[in-house]
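Construct all of the structure, not just a fragment, from the sequences and the given hints.
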Amino acid sequence: MKRSTQPPLWLLFGAGGMLSALIGWMLVFLTGVAAPLDLFGVRGMLSYENVLAFARNPIGKLFLFAVVALFMWHAAHRIYHTLHDFGVHPGPVAWLSCYGVALAVTVLSAFRLLALGF
Amino acid sequence: MAIRRTYVRPMAGWWKRNAFFKRYMAREVTALFVAAYALVLLAGLARLSQGHDAFEQWLDGLRSPLSIAFHILLLAIFVYHTYSWFTIMPKTMAPVVVGGKRLSNAAITGMGLAASAVIGIGFFVFLKVLAA
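Those protein sequence lines, which keep their order, are chains X and G. Just so you know, the first sequence maps onto residues 1 to 118 in the numbering used here. Just so you know, the second sequence maps onto residues 1 to 132 in the numbering used here.
Careful: at least some of the hints might be erroneous.
Facing chain X, from chain G, some residues (calculated, C-beta under 10 Å) [claimed, not checked]: (1) 3; (2) 20; (3) 38; (4) 39; (5) 75; (6) 89; (7) 127; (8) 130.
Hints in this document: simulated from the structure, not taken from any laboratory. C-beta atoms are modelled at their ideal positions from N, C-alpha and C, and glycine is treated no differently.
Below you can see the structure in the form of structure tokens.
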């Protein structure tokens with residue numbers, strides 16, 4: 001019997017969904033609203049030096065990697081399974097353009113974070 | 001051979017007929033915006049690795065009115081994602097029994113929303129302390 005690829009993909013979906021449900025709203029508020037408008041002194045908080053120090057810390061690095069990669073796996077799984085409801089029958093092209101993109105984003109974010117050093 | 005013209009039931013807008021389907025669609029479509037935000041952050045990581053000036057350019061981009069408007073929309077959608085995630089959580093997890101009684105769906109949803117509020121605000125305070 002061919003093994004299903006669904007359980008690990010569902011796990012990534014669930015992990016990304018949980019992480020984005022817990023902290024996504026605050027991240028969007030910080031980077032997209034509060035920093036640009038300089039609310040609550042967030043602009044200074046997100047300076048190059050501060051963000052670089054955060055991304056060089058092993059825990060900070062792991063956190064940023066988890067956010068970018070898991071958000072993408074969450075979205076890929078959800079979009080792939082919703083295609084059917086829009087009349088698109090999922091095939092290899094749909095599979096690759098969902099999970100392939102998530103994999104690419106995972107690899108790219110890992111490379112960028114490692115390039116920053118520790 | 002004649003081309004067969006079998007009837008294919010049109011499915012455009014099927015979900016508009018029912019409030020349950022509308023909520024389902026709204027919840028699923030949040031995924032597009034979660035992906036968009038992941039790409040915004042990935043761009044930020046890439047710019048960060050290119051040095052001070054590149055990162056400042058990324059921050060400048062976020063300061064454009066179009067970007068701020070987009071992120072306010074994104075914020076609303078993320079709040080809806082949090083709400084819908086914890087609303088369906090009782091249906092996706094195993095029942096939790098506390099003191100011989102099954103924990104109600106509302107209690108699970110409430111705890112999830114409270115956790116999101118505490119973790120989100122806690123993260124903000126944590127960054128504030130780090131930056132100080």
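A quick look at each hint next to the structure:
| no. | hint | result |
| --- | --- | --- |
| 1 | 3 | 20 Å, violated |
| 2 | 20 | 13 Å, violated |
| 3 | 38 | 4 Å, holds |
| 4 | 39 | 7 Å, holds |
| 5 | 75 | 5 Å, holds |
| 6 | 89 | 9 Å, holds |
| 7 | 127 | 6 Å, holds |
| 8 | 130 | 7 Å, holds |
Violated hints for the displayed structure, listed by number in ascending order: 1 and 2.
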